[in-house]
Amino acid sequence: DGGITQSPKYLFRKEGQNVTLSCEQNLNHDAMYWYRQDPGQGLRLIYYSQIVNDFQKGDIAEGYSVSREKKESFPLTVTSAQKNPTAFYLCASRYGGQGGSPLHFGNGTRLTVT
Amino acid sequence: GDSVTQMEGPVTLSEEAFLTINCTYTATGYPSLFWYVQYPGEGLQLLLKATKADDKGSNKGFEATYRKETTSFHLEKGSVQVSDSAVYFCALNNYGQNFVFGPGTRLSVLP
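Those sequence lines, one after another, are chains F and U.
So that you can map any letter, position 61 of the first sequence is 66 in the working numbering, and since no number is skipped, the others follow by simple counting.
So that you can map any letter, position 111 of the second sequence is 137 in the working numbering, and since no number is skipped, the others follow by simple counting.
Simulated from the structure, these hints should not be mistaken for lab results.
Bear in mind that the values here come from a model prediction, so they are computed numbers and not experimental data.
Each hint should be verified, as a subset may be incorrect.
[Claimed, not checked] Covered stretches of chain U (in silico footprint by chain F; criterion: 3 or more residues with CB under 8 Å from a CB of chain F, positions within the stretch not fixed):
| no. | stretch |
| --- | --- |
| 1 | 72 to 80 |
| 2 | 92 to 100 |
| 3 | 121 to 133 |
Ideal Cβ placement from N, Cα and C applies to all residues, glycine included.
Go ahead and model the full structure; you've got the sequences and the hints to work with.
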């Protein structure tokens, strides 16, 4: 079955360490996204990528970095510059850019930084 | 900019009750509208969508109609089940790459 795989499901890190969250999709989607979700809040866009080797900042990109070397993969690095990194991170992908094309989500990675 | 407003939760209902979760939006043009559902510890799943005015999206007993005149996309279900307990998100996409999500409405259904 096609889908989006995020790993690991839970991640624990010490403050000051960089950490990379994995996102892989086998849906053959061109666009991929990273969102952050905090308790009781909606989703906030961190980065998105429409094609390989190209990506754009979202609303809260500070302290994060991404790469898109392969169509299937869009890893997110949470750097030590991110002031409040503990959150639930969701990766998504989308086929094409038409307005009716929905986002497909992975099951998320819960990051805890202490 | 574009925005989505949802009714404040949590919403608590008894099994077999009627559900309405209100969603209104602000956007230029004619955005596509979506409802997503999130179960505990999981990602979001597409529940239904509508791409133009008066379209009705439906899935698993849930329905929502795209009302351009009232800029609304309210989610309804005639008889909820305990398994419908989740957080529901209304979202729009306005012909760009970005989606705008509402804050989510938590639904609890009691047996």
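Now the hints, each set against the structure:
With 3 residues carrying a beta carbon less than 8 Å from a beta carbon of chain F, the stretch 72 to 80 of chain U meets the three-residue requirement, and the given coverage holds. Using a Cβ-Cβ cut-off of 8 Å, 0 residues of the stretch 92 to 100 of chain U lie near chain F, which falls short of the minimum of three, so the contact claim is violated. Using a Cβ-Cβ cut-off of 8 Å, 9 residues of the stretch 121 to 133 of chain U lie near chain F, which meets the minimum of three, so the contact claim holds.
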